[in-house]
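Enquirer: Listed below, chain by chain, are the residues.
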Amino acid sequence: MNDQPTSAAAYAEQAFWYIERRRIAEAKRLLAQALAQYPQDPDLLFHSAQAEWFDDENETAEKTVRQVLVVDPHHAPARQLLAAMLVQRGEYADAELLLIGLLREYPESAELYGRYSQLMLRTLHLDKAGQLAREGLRYDPEDDECLLAAALCETARSGSRPNAGLQKLLTAHPESMSSVHALVVALVESGRIAEAHRIAQGAMRADPANEHLVDLVRELRIQNHWSMKPLWPLQKWGWGASVVMWLGGIVVIRALAKSAPDIAGPVAWVWLGYALYSWVWPPLIRRIL
Amino acid sequence: MSNDDRTDDRDDDLLRPTLSDYSRPPAMYHTTGFALSSFFGGPVGAAIYAMFNTARLSRLKQDGVVVLALCAAAVLVALQMARSGGLDSLASIAGLTPQSTARLMLRALGLACFGAIYLLHRKFFRAARISGVKPAPSWPLGLASVALGWAANAAMMTWILEHH
Numbered sequence: 000m001n002d003q004p005t006s007a008a009a010y011a012e013q014a015f016w017y018i019e020r021r022r023i024a025e026a027k028r029l030l031a032q033a034l035a036q037y038p039q040d041p042d043l044l045f046h047s048a049q050a051e052w053f054d055d056e057n058e059t060a061e062k063t064v065r066q067v068l069v070v071d072p073h074h075a076p077a078r079q080l081l082a083a084m085l086v087q088r089g090e091y092a093d094a095e096l097l098l099i100g101l102l103r104e105y106p107e108s109a110e111l112y113g114r115y116s117q118l119m120l121r122t123l124h125l126d127k128a129g130q131l132a133r134e135g136l137r138y139d140p141e142d143d144e145c146l147l148a149a150a151l152c153e154t155a156r157s158g159s160r161p162n163a164g165l166q167k168l169l170t171a172h173p174e175s176m177s178s179v180h181a182l183v184v185a186l187v188e189s190g191r192i193a194e195a196h197r198i199a200q201g202a203m204r205a206d207p208a209n210e211h212l213v214d215l216v217r218e219l220r221i222q223n224h225w226s227m228k229p230l231w232p233l234q235k236w237g238w239g240a241s242v243v244m245w246l247g248g249i250v251v252i253r254a255l256a257k258s259a260p261d262i263a264g265p266v267a268w269v270w271l272g273y274a275l276y277s278w279v280w281p282p283l284i285r286r287i288l
Numbered sequence: 000m001s002n003d004d005r006t007d008d009r010d011d012d013l014l015r016p017t018l019s020d021y022s023r024p025p026a027m028y029h030t031t032g033f034a035l036s037s038f039f040g041g042p043v044g045a046a047i048y049a050m051f052n053t054a055r056l057s058r059l060k061q062d063g064v065v066v067l068a069l070c071a072a073a074v075l076v077a078l079q080m081a082r083s084g085g086l087d088s089l090a091s092i093a094g095l096t097p098q099s100t101a102r103l104m105l106r107a108l109g110l111a112c113f114g115a116i117y118l119l120h121r122k123f124f125r126a127a128r129i130s131g132v133k134p135a136p137s138w139p140l141g142l143a144s145v146a147l148g149w150a151a152n153a154a155m156m157t158w159i160l161e162h163h
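So the protein sequences, as listed, match chains R and Y.
Residue numbering for the first sequence follows numbering that gives the first Met the number 0, starting at 0 and increasing by one per position.
Residue numbering for the second sequence follows numbering that gives the first Met the number 0, starting at 0 and increasing by one per position.
In case anyone wonders, no lab produced these hints; they're calculated from the structure.
Any given hint might turn out to be false.
[To be verified] In silico lysine-lysine, PhoX-like type, Cα no more than 25 Å apart, as pairs:
no., chain 1, residue 1, chain 2, residue 2
1, R, K228, Y, K60
2, Y, K133, Y, K122
3, Y, K60, R, K235
4, R, K167, R, K127
5, Y, K133, R, K235
6, Y, K122, R, K167
7, Y, K122, Y, K60
[To be verified] Stretch by stretch, here's where chain R covers chain Y in the computed footprint (C-beta under 8 Å, at least three residues):
no., segment
8, 39 to 53
9, 85 to 96
Backbone N, C-alpha and C fix where the C-beta goes; we use that ideal spot for every residue, glycine too.
Chain R on its own, in the form it takes in the complex (with noise of 0.2 Å):
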């Protein structure tokens, strides 16, 4: 890729190919050089914003976008991008709107309709989430973005129980980072923090620069650190366990209290710290790893 570019087309596809091997650096000094010829290109503005985008550069890479938008008020990869930023900065239903009037404009678009269900699974509602992964579903059985909203709402449906969903993407999409994404949450909810980590520090390895599996690893290396051990069966059964460890406690200490005294002391200060260990160690561990 070391030919110069000849065209506006020409550096927005280079700058493509750098964006999409995460080589940003290499792909904004392209683009400022695009740029000074073709400032208004809307291809290579866009390409910018996702540059900036991937750069963690938001509010630079928003600014871009809505240039973009300027320029050609229906460049769909433009409303696309900028209905994932209205999503990361918290505003629902501007990001909502978009994608519904992308939906309306491509109403066979599976990716649409995958991206709209994520955004329903994130605003908790979860049978439409359902509803318009199953309808991208229709259009292509095998987008990884409507598979990956499938599997995330079966897990969060039925928890560790088998989920199809998650077997249909794993099938479709072996490699892909949807399918890391929805195996690693689903092993996470069923307790299975070990797996998790092995599986978030593979992808890692093969995509060391993306900070999602980053961040995602660091969390699970925290679960799964040897000092976190002994909160397995918080981990695994989550509020059930906190539950029964509360009622148990005051049951067992109580029948101690009165069957065998001189142990009841013991055991009831061991529980405590048990308890205060539980709420005082993992948010101490985050800051410390």
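Given chain R, work out where chain Y should sit, using these hints.
Expert: For chain Y alone, coordinates are given in the frame of chain R:
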């Protein structure tokens, strides 16, 4: 109606905006706050906290009655235990005064309400975790639920002990 018309209707329904009416981003209140409110505030504390969570999910119509019914059932169990002499049996088994036993029973019933309501909304709690949605700030709601639940528990205990 042709198949195409039905497809159009379904698309129109699916493509109707859902989020336009929200004044704040949808999120649930913290689960820890819910558990603590239920433990310290008993069934009434659990119900108050859960009703606010249900409102945030825009599911008051579907789930509001269930939450209230669970709270009412828990209160009835407490009163029935006192009337039928179950409280005395529990107190003698645990070696506690009737007052301590009643307090413990209300806390256990609060946690039972928490468990039942958590099961009712489990898929939403999971969806929030999966999507990385941060819980809404829950200190004010938690404190209000504990305070009101505590007052309700005190009133119930007074009644229970007076009719004991």
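Enquirer: Tell me the hint numbers this structure goes against, listed in increasing order.
Expert: 1, 3, 8
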